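Enquirer: Spelled out, the chains give:
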Amino acid sequence: MGKKSVEMLVGIFVLLGMAGLVFLALKAANLGTFSGGDTYTLRAYFDNIGALKVRAPVRSAGVTVGRVASIKLDPKLYQGVVELAIQRDVQFPTDSSLRILTSGLLGDQYIGVEPGASEKMWAPGDEIKHTQSAVVLESLISQFLFNKAADAGAAPAPAASSPGGGKK
Amino acid sequence: MSEAIAAVGRRTLEVLRILGHHATFFLDLLRACPAALRRPYLVVAQIHAIGNLSLVIILASGLAVGFVLALQMYYALVTYGAAESLGLIVNLSLTRELGPVVTALLYAGRAGTSLTAEIGLMKAGEQLAAMDMMAVDPRSRVLAPRFLAGIVSMPILAILFSSIGILGAYVVAVLLIGVDAGNFWSIMQSGVDVRRDIGNGIVKSIVFGFICTFIALYQGYEAEATPEGVAHGTTRTVVISSLGVLMMDFVLTALMFSTP
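Here the protein sequences line up with chains A and B, keeping their order. Going by the working numbering, the first residue of the first sequence is number 1, and it counts up by one from there. Going by the working numbering, the first residue of the second sequence is number 1, and it counts up by one from there.
So that you can see chain B by itself, here it is in the shape it has in the complex (with noise of 0.2 Å):
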């Protein structure tokens, strides 16, 4: 009986720890975004690495997404006769939901990983100790540039995800299956508000950008100096990130799109 208790206090504390090693993690990386804006090169090439090379994936997706939307869409709408409204069912789900969710999602797998896999190895080799040697500190010169530029990419990427999506479902909706183009982009403007459903998508991709960066950045410093350890940091890292971001998303929801 003890034992249990004995667990349970044990498991309260391992939680703790994990949480209090993420604050200070997240209070350390704060305090190192200054120094990394002095030298706004490093964010650059990030920003390239994280952005530019993303683009491709959220692009296809976003596009894919779009078609699909657009063609299930039609099908459910046309028995209510109600197929013009599909422009506007098409921009809310992608603006509000889908374009910040699955651009988060996608960006957990394409740049979260790489940059887990980046750091642990980085640290594995021993190149973090040899920074910190020469007195660079390595949260200043190689994660604060990283963090920055995730901020700033998810937000573009999730625009542009949004945005083809929106195309995608012009095209299969107005040229393939012949809704009147007209009504597509009149119903969706009249229906579609600039600070309520666009701006609070943006603002959603910018938390998500926040939390994906972050978990990846922690799991990869965090990281076993091993193989194995590097390999479960990645993992962990898809894990971690894509639920933040679903339970993140829910929580966002109701605090935007509750009220009427």
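If we strip away everything but chain A, and leave its shape as in the complex, we get (with noise of 0.2 Å):
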């Protein structure tokens, strides 16, 4: 096989390699999902971030519009400080609030926004404080056995059982 038509093959190979890696990092991973350049970023403040990680997407009526930037604990307020890149074509007004949600019933978390009526939009870097925190499984839990248990104390006959089992 003469020399040339060894490096033609060659640089097939090697190309066909370089085609695996684009294929690996556009379309099986997260490279291609975001492309960072044309976004802004906002803080939201939350009491409780539940099991949300970096990377997590920002949904709005369901449909993907940013990714979790970072998160951090602020130390004066206590509270997870969760920076979002939101695509710059998509924006919320003022009164909007955010909520960290669970895709499916195990899932992993995300922020969903939910979009208020003012006229004034979010500006890159707004400090965002109208928010509601992950549910935390066990709390719940505890909350719903500690309200049966009340029930149970304050009426033990069945026939004078009040609604409490829908009160948290």
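Simulated from the structure, these hints should not be mistaken for lab results. Misleading hints may appear alongside valid ones.
As the list claims (entries may be wrong) - To give an idea of the interface, some chain A residues facing chain B are shown, with a C-beta separation under 8 Å as derived from the structure:
#1 Leu9
#2 Phe13
#3 Leu16
#4 Ala149
What the hints assert, rightly or not - To list a few chain B residues with every Cβ distance to chain A over 12 Å, as calculated:
#5 Leu27
#6 Glu97
#7 Leu121
#8 Arg141
#9 Met247
These numbers come from a predicted model, not from an experiment. Each residue gets a CB set at the ideal place from its N, CA and C atoms; glycine is no exception.
Put the two chains together into one complex; each comes in its own frame, and the hints tell you how they fit.
Expert: Right, dumping it as structure tokens:
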């Protein structure tokens, strides 16, 4: 086999490897989903971020509009500070609220944006205090059991049971 | 009693001698690499022999592994109603572990053995000695190009193995079973990180390329210059490379992925 054709074949081999790398990076991993350039940053304060992770999606009406860029603890307020990278072409009114939600019963957590009705929009770098923490399953269960126990103590006769099961 | 203690000592010295032999061979090899880089065509020709000719077996195995992984994982996941995570699990298993490791094992069997046999026969036919006589350093002319070619080829082969495995999983999961294509890709994309998963997988495959090629060259170069010697060397190449890769994989996984 000539020198030229060997070089040709090796060139094809190397290019194939590069194509594989591009496929892995863009199609099979998160590099292609958000190119960092055209986003702006918002800071949100949560009492409890639950199991939220960096790079978790930010969704509004189920549509992914951004990513969690970083998570820190505010040393004075003892609140979780979550930096959000939102796509530049998506803007939310200043009275919108953020919630930490879970996709599916046991899925990953993400941030849901409930848009408000204000005329003014959040500007890059704004701080958001109007948030709702993640639901922690343990506290939910203990609250439920506590309510049950309180109901049972208050009304031992089943006929006199109040509609207390619904209140939390 | 004293005989037993002497046997332990003899064994220890033997192990140390072999280790030292490997180390000096390795240093010689590194010293010969710059000279090989001055003649890039030698390296290119070896990439053809090592990489291109291993491509078919790598692609075929990658496709088969992707098929089987998707099928097995589907039956496990569907009982938990999580069949959409199939793509993520297949991708992480391939890019983190199976891609680099299975590629290295196949490489040891396909390319490592041929390297050992080739160099062992060159030695048996006194070609290496003849080169030395002509003041051509066989290390920089024969060994170093093969070493560099192995280190270049292994990551490319591992990347292609993982890529075609993911495509194979896509074929089985989406086209045959009917998992939703959008979920298959989007859950994969949100769960796989370029640097952490794919980058570390490539680092792994570079290390494995290093190990497999070095062992193949050493076994060939140090093989006894007889037919049995070459046969032994070839066998040892496969055994030692495979064990080395599996051990090293555990160490690398512990270092790379121990933190969540």
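Enquirer: When you look at the beta carbon of Arg141 of chain B, is every beta carbon of chain A farther off than 12 Å?
Expert: holds, 17 Å
Enquirer: Could you check that no beta carbon of chain A comes within 12 Å of the beta carbon of Met247 of chain B?
Expert: holds, 26 Å
Enquirer: Does Leu9 of chain A pass the interface check with chain B, least Cβ-Cβ distance below 8 Å?
Expert: holds, 5 Å
Enquirer: Any CB of chain B closer than 8 Å to the CB of Leu16 of chain A?
Expert: Given a least distance of 6 Å, the restraint on Leu16 of chain A holds.
Enquirer: Holds or violated: Phe13 of chain A as interface residue toward chain B, Cβ cutoff 8 Å?
Expert: It holds, given that the least Cβ distance between Phe13 of chain A and chain B is near 5 Å, below 8 Å.
Enquirer: With d taken as the least Cβ-Cβ distance between Leu121 of chain B and chain A, does d exceed 12 Å?
Expert: holds, 21 Å
Enquirer: Does Ala149 of chain A hold up as a contact with chain B if the rule is Cβ-Cβ below 8 Å?
Expert: For Ala149 of chain A, the interface hint is violated, since the closest Cβ of chain B sits about 32 Å away, which is over 8 Å.
Enquirer: For Leu27 of chain B, which was marked as not at the interface, is the minimum beta-carbon distance to chain A over 12 Å?
Expert: At roughly 28 Å from the nearest Cβ of chain A, Leu27 of chain B sits farther out than 12 Å, so the non-interface label holds.
Enquirer: Is the Cβ of Glu97 of chain B more than 12 Å away from each Cβ in chain A?
Expert: holds, 15 Å
Hint compliance for this structure: hint 4 alone is broken.
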